[in-house]
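Chains as they are written, first to last, in the working numbering: chain A, -1 to 463; chain B, -1 to 463.
Every clue listed holds true.
Copies of the same chain look alike in the list, so a pair counts if it works inside one copy or between any two.
Pairs of lysine-lysine residues, derived as DSSO-like cross-links and limited to a Cα-Cα distance of at most 30 angstroms, are as follows:
hint, residue 1, residue 2
1, K115, K52
2, K72, K93
3, K17, K232
4, K17, K115
5, K290, K52
6, K361, K17
No lab work stands behind these hints: they were computed from the structure.
Please read these numbers as outputs of a predicted model, since none were measured by experiment.
2 protein chains.
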Amino acid sequence: MLTPRADDFPRWYQDLVAKAELADNGPVRGTMVIRPYGYGLWERMQQEMDVRIKDAGAQNAYFPLFIPQSYLTKEAEHVEGFAPELAVVTHGGGKELEEPVVVRPTSETIVNEYFSKWVQSYRDLPLLINQWANVVRWELRPRVFLRTTEFLWQEGHTAHANYEEARDYAARIHRNVYADFMENVLAMDVVPGRKTARERFAGAINTLTLEGMMGDGKALQLGTSHELGQNFAKAFHTRYLSREGRQEYVWQTSWGSTTRMVGALVMMHGDDDGLRVPPRLAPVQAVVIAVKGGPEVPAEVRAIGERLTGAGVRVEVDDRTDVPFGRRAVDWELKGVPVRIEVGPRDLENGTAVLVRRIPGTKEPVAARALAALLPGVLEDDQALLLAQSRRRREDRTAEATTIEEATEAAATGWARIPWAKLGPEGETGLAEQGMSVRCLVAADGTVPERDDQPGNVAIVARAY
Amino acid sequence: MLTPRADDFPRWYQDLVAKAELADNGPVRGTMVIRPYGYGLWERMQQEMDVRIKDAGAQNAYFPLFIPQSYLTKEAEHVEGFAPELAVVTHGGGKELEEPVVVRPTSETIVNEYFSKWVQSYRDLPLLINQWANVVRWELRPRVFLRTTEFLWQEGHTAHANYEEARDYAARIHRNVYADFMENVLAMDVVPGRKTARERFAGAINTLTLEGMMGDGKALQLGTSHELGQNFAKAFHTRYLSREGRQEYVWQTSWGSTTRMVGALVMMHGDDDGLRVPPRLAPVQAVVIAVKGGPEVPAEVRAIGERLTGAGVRVEVDDRTDVPFGRRAVDWELKGVPVRIEVGPRDLENGTAVLVRRIPGTKEPVAARALAALLPGVLEDDQALLLAQSRRRREDRTAEATTIEEATEAAATGWARIPWAKLGPEGETGLAEQGMSVRCLVAADGTVPERDDQPGNVAIVARAY
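One chain only, chain A, in its complex shape (with noise of 0.2 angstroms):
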């Protein structure tokens, strides 16, 4: 069904997110349509990450879609960075527009316009506001939900009275909603981390990231944390009247993680079989099958299903037995449900079902009157097992290096640590030059560096998505 991982691993990719009906290239270059098994696992992701979001004491607001040209010059990082990427409305209502304005590739501009009206005093802060939105980033090597010209994501926008407060918001998103929410829902093992001034977000003093390395050793940068300083709240003039009865500029943060994390999915957890998608996260968790027809089988299959949504499984019956079995079990395989059960008319008799194990992948017969308080404690387990299986290949895949050339060789095919102190910023460019990236800077013991010259803080080298 799929090209092999091995033989083609970009291939692989294309082939699963189209025959596991993830989504489709749009017709205009680098949209894409996202089909209702690939949104579902966008609306798990959106709910996990919505309840972690609100628990950080954000509330969810709505800016509009076109931003007037003139705004993202006010912040002079910030135009440089985007303005390649911008696409431009130029008329409206059959009209010429007296000011062409911009579809949103991000919304620091637009908020802080509106940040700057609303904060007054110090009362009103901190101000914190998130929204799910799509934007638009003109894509030249578009790839479905890696990298595409228009995406889906939510990006949070925040004010505070003075730098630790955003600093200390800034980090706790990082930590409490996107690692989080990755390694405990995604099952995927992140490596939290430092962006170096060359990676930064455009307009930002800090940027923090979550990268997570992908089947084929490359990185994929999977969520990222903003500290904005004072930058866009001078060019906004986003100030308050403190305590102390003075005007006095804003410290802001943003942050933001997009539909992207859907490919990072299928490239963290997919095989040659198709996607295998994490418990916590599967929109089904468990698919009750009628191996074949007569009326008796799809009846079993039906109560199987009641008594597992009872024991508070997310679950989907098939009882399409006009469908060939072996054409279904294929697609939910593919699909990755984690686990399928599977009854046919021997199974009726004996009082069993097939136990199929799509994470660890397993077969096995088990007592029908059993899986109802068998299944919960499989799901965990397989959800455990996804989260170790990615853990363990980011360990034997990164290498310790002490040259940047050991660090060009292990990032060939992987990742490679390397001091900082040994790399830099001239390191740094000359990395660029051969498709290679510092993906994020780690702290000595493991944590995230208050600073990129923080003593034994180490690089993390990879080729990247």
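Please arrange chain B on chain A, whose structure you already have, making use of the hints.
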């Protein structure tokens, strides 16, 4: 605080939207910034609608924002209807595009392009898709929430094997999703009916609507469900192999409801003191307010909040005793939170609290311990009262007319019902010249007519937003 409705209804609406912090105008004409409290109302609408849409068998997906201009022109009526409202992207990634793309005003065209790929045989039908998205229609006379250049909505798109199934599905959405949600969650009296040919969606063979009467007697269209016949199927070659082995065009529906419902909530339920949010919708059903300071009142307020949360009430605790009580009370009044529970030092001594009900406008002392048992019933009573009030207004302000003159006179201040046989398409054209329209046709028995010319049909005539 607010301009009284009787003085200037449009200004009252603008005041309320601004002061209750529902939304601000965006920088590009006709766009809006939906603030957290307004967005919280929309989020609750989404939750309630989404459950109903999924119960009707539809799955969520996502189609691109950008549509090639050529797609729009494939269905003749459709392009005629939407061409004047399009926003056009002519530049992307720093270059002029070879073919300009339009920002979706609605997605029938791009959806059909993909349906024609996905649908092969009768086994693939019905195909039931919904998306939550933003759309853009350039507005010359924008009004926040009601008529905005960009708005948020859900749009459903389905394909069926025959006319009857498509017709029944459009009716099912109209009844089980839209009417049910509006009456039972939004507490809105709505009239279900059929649009005349003049008022139909561009490209539809039939449009079902729900019309609500606002506080000033004008009508607002609140959700429409269309039978598209085979118009788009023929334009996009969306065909399937039937059981009998023939290539047949599919029959389709589309249906949408928008952030306009937030504006409707204001104009239907608001009064001179602010918004009144129906309890079943309310993101905050009850706010427990500490009247003034001392450590004990806020502690009691939090304890009551916890007990109410335990009773399944969506609660917010307002213990900001550094802000004057009067200011906070007025703010919660403006925001229309259904129930306020006010606790001061005297209440603490007596074990009481003051229960203020926003919808009936009552205020009475109650035993603090009784609140958790009392509140769920209070909220349901007030939900019912709100619906009854909106029904009463519509009934009181709807006149039976037997001549066009009578209808025109009545529609200056409310709605008129006139036999469609008396009005007809020519009479309808005449109404338009006076700023009035036929909102919908209803059958003699109050049901939705199956044809425009069904004997006994009554036209509802009104001015509309």
